[in-house]
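Asks: Take a look at the letters that make up each chain.
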Amino acid sequence: MPITAELIRGHTETIILAHLLTRDSYGYEINKSIQERSAGRYELKEATLYGAFRRLEEAGCIQSYWGDEQTGARRRYYRVTPAGREAFARSRAEWLETRGLIDLLLGIEGGGTV
Amino acid sequence: MNERILAHVDALFRDAPRKRSVSEIREELLGNMNEKYADLLAQGRAPDDAFAEVVAGIGDIQSLIAEVGKGGLPGSSDVRQKALLFSAAGGGLMLAGALVMFLLLALNAGTLATILSTALMALGVASLVYGSGLKRPEPYQKEDDSFVEEYKEKYSRPGRNTRLRGAATSLLWILIVLMYFLISFITGGWASTWVLFLVGVVLQQVVNSIFSDTNRTMTTGMVMTTAVIVYLIISFGTGRWDITWLIFLGAVAVDQAVRFLRIWREKE
Numbered sequence: 153m154p155i156t157a158e159l160i161r162g163h164t165e166t167i168i169l170a171h172l173l174t175r176d177s178y179g180y181e182i183n184k185s186i187q188e189r190s191a192g193r194y195e196l197k198e199a200t201l202y203g204a205f206r207r208l209e210e211a212g213c214i215q216s217y218w219g220d221e222q223t224g225a226r227r228r229y230y231r232v233t234p235a236g237r238e239a240f241a242r243s244r245a246e247w248l249e250t251r252g253l254i255d256l257l258l259g260i261e262g263g264g265t266v
Numbered sequence: 316m317n318e319r320i321l322a323h324v325d326a327l328f329r330d331a332p333r334k335r336s337v338s339e340i341r342e343e344l345l346g347n348m349n350e351k352y353a354d355l356l357a358q359g360r361a362p363d364d365a366f367a368e369v370v371a372g373i374g375d376i377q378s379l380i381a382e383v384g385k386g387g388l389p390g391s392s393d394v395r396q397k398a399l400l401f402s403a404a405g406g407g408l409m410l411a412g413a414l415v416m417f418l419l420l421a422l423n424a425g426t427l428a429t430i431l432s433t434a435l436m437a438l439g440v441a442s443l444v445y446g447s448g449l450k451r452p453e454p455y456q457k458e459d460d461s462f463v464e465e466y467k468e469k470y471s472r473p474g475r476n477t478r479l480r481g482a483a484t485s486l487l488w489i490l491i492v493l494m495y496f497l498i499s500f501i502t503g504g505w506a507s508t509w510v511l512f513l514v515g516v517v518l519q520q521v522v523n524s525i526f527s528d529t530n531r532t533m534t535t536g537m538v539m540t541t542a543v544i545v546y547l548i549i550s551f552g553t554g555r556w557d558i559t560w561l562i563f564l565g566a567v568a569v570d571q572a573v574r575f576l577r578i579w580r581e582k583e
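So the sequences go chain by chain: A and B.
My numbering numbers the first residue of the first sequence as 153 and each following residue consecutively.
My numbering numbers the first residue of the second sequence as 316 and each following residue consecutively.
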């Protein structure tokens with residue numbers, strides 16, 4: 153469903169922040185978790201993922217560091233900063249408000265309650 | 316590390332700017348692709364199938380590379396190569412010009428030597444100038460309308476003056492070389508015509524001062540121009556070419572004195 157994908161794309165940064173709030177993580181792990189949580193219906197392209205990392209890092213929402221893996225290639229990990237937590241809380245509240253409003257406008261049961 | 320994935324990623328980054336931020340993206344991409352590939356194999360997927368899926372998951376990496384590499388000094392590598400080619404060709408042509416001159420002079424073909432070697436050297440200079448122009452970094456593109464971005468864009472752009480100065484400089488030296496050979500062959504005065512190159516250096520200062528925004532090079536240019544004029548007038552008037560060159564030493568001293576005076580005044 154390309155329209156759904158388009159709609160989700162606007163929330164890529166918030167989705168990444170949500171994952172990083174549970175623990176520090178790296179690209180593939182985040183993408184795998186997105187895939188699993190969406191039951192295989194949504195997956196980010198690598199380029200989209202790194203673009204979002206870069207924007208988040210420039211905005212001071214996350215910090216990256218290279219792990220010291222004993223086997224295989226080293227991984228680039230990301231950790232969320234206090235500013236990132238704030239940004240996530242804001243985006244989450246915005247989404248809940250938007251969802252409530254759209255539910256109301258579309259006449260969906262339970263719309264408008266946050 | 317899967318060799319096919321490595322080869323694919325290397326191809327994607329072949330023309331990428333050599334920057335740390337870009338090479339980090341490459342390493343991150345390689346690591347994640349390899350891990351995904353290993354996962355897919357562990358799920359029982361065929362290697363070809365797994366490779367295809369991993370590659371399909373990359374997305375538009377070129378835009379990302381362009382974005383991350385933006386603002387870097389070296390242009391894309393093919394522009395760098397082109398610049399190198401023109402610089403090498405320029406050097407080669409100038410060398411060829413010198414060789415042709417000596418060869419034809421040895422054969423007593425003076426006029427031909429002048430025309431051919433001057434043409435070759437002119438081509439060489441033009442190629443060198445063009446090559447060095449290519450190496451100039453792309454001006455910074457502002458990301459938004461904030462004043463910081465505007466400042467960055469303004470100061471990364473080579474000014475109109477800089478480009479005009481480059482054009483005038485190459486023209487000047489082509490003319491100097493041309494005149495040097497012409498005058499030398501016609502008058503046979505090889506013993507003194509090399510002075511033309513000194514005149515060239517002085518004229519270069521004048522060019523710099525005309526296309527400059529700072530006062531410093533402006534005064535240097537004015538002092539040197541005056542020196543040349545005074546030198547020529549006094550020398551032709553008195554015929555004392557053996558000592559009039561001292562005027563240039565005097566001019567350098569005056570220029571330095573003016574510079575010290577300015578620094579001293581700014582300190583006050």
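It is worth saying that the hints were derived from the structure and are not from the lab.
Bear in mind that the values here come from a model prediction, so they are computed numbers and not experimental data.
Yeah, the Cβ is synthetic: ideal placement off N, Cα and C, and Gly gets one too.
Just to be clear, a hint being listed does not mean it is correct.
[Stated by the list, open to error] Listed below are the simulated DSS-like cross-link pairs for lysine-lysine, each with C-alpha atoms no more than 27 Å apart in a straight line:
no., chain 1, residue 1, chain 2, residue 2
1, A, 184, A, 197
2, A, 197, B, 397
3, A, 197, B, 334
4, B, 351, A, 184
5, B, 397, B, 351
6, B, 351, A, 197
7, B, 385, B, 334
8, B, 351, B, 334
9, B, 397, B, 385
[Unchecked claim] Which bits of chain A does chain B cover? Going by a derived footprint, with three or more residues having C-beta under 8 Å, they are:
no., segment
10, 173 to 186
11, 202 to 213
Asks: Work down the list of hints and note, for each, if the structure agrees.
Replies: Checked hints:
Between residue 184 (chain A) and residue 197 (chain A) the alpha-carbon distance is near 11 Å, which keeps this suggested pair within the 27 Å criterion. Restraint check: the Cα-Cα separation between residue 197 (chain A) and residue 397 (chain B) comes to about 34 Å, which exceeds 27 Å; the hinted pair is violated. Only pairs whose Cα atoms come within 27 Å are accepted, and residue 197 (chain A) paired with residue 334 (chain B) is accepted, the gap being roughly 23 Å. Taken as a hint, the residue 351 (chain B) and residue 184 (chain A) pair is honoured in the structure, with Cα atoms around 9 Å apart against an allowance of 27 Å.
Note on residue 397 (chain B) and residue 351 (chain B): the hinted pairing is violated, with a Cα-Cα distance of about 39 Å set against a maximum of 27 Å. Annotation: proposed proximity of residue 351 (chain B) to residue 197 (chain A) holds, straight-line Cα distance about 12 Å (limit 27 Å). Only pairs whose Cα atoms come within 27 Å are accepted, and residue 385 (chain B) paired with residue 334 (chain B) is accepted, the gap being roughly 10 Å. The straight-line distance between the Cα atoms of residue 351 (chain B) and residue 334 (chain B) is roughly 26 Å, inside the 27 Å bound, and the hint therefore holds.
With a C-alpha separation of about 20 Å, the suggested pairing of residue 397 (chain B) with residue 385 (chain B) holds against the 27 Å cut-off. Restraint check on the segment 173 to 186 of chain A versus chain B: 5 residues with Cβ-Cβ distances below 8 Å, three needed, restraint holds. Only residues whose C-beta sits within less than 8 Å of a C-beta in chain B count toward coverage, and the segment 202 to 213 of chain A has 3 of them, enough to reach three; the restraint holds.
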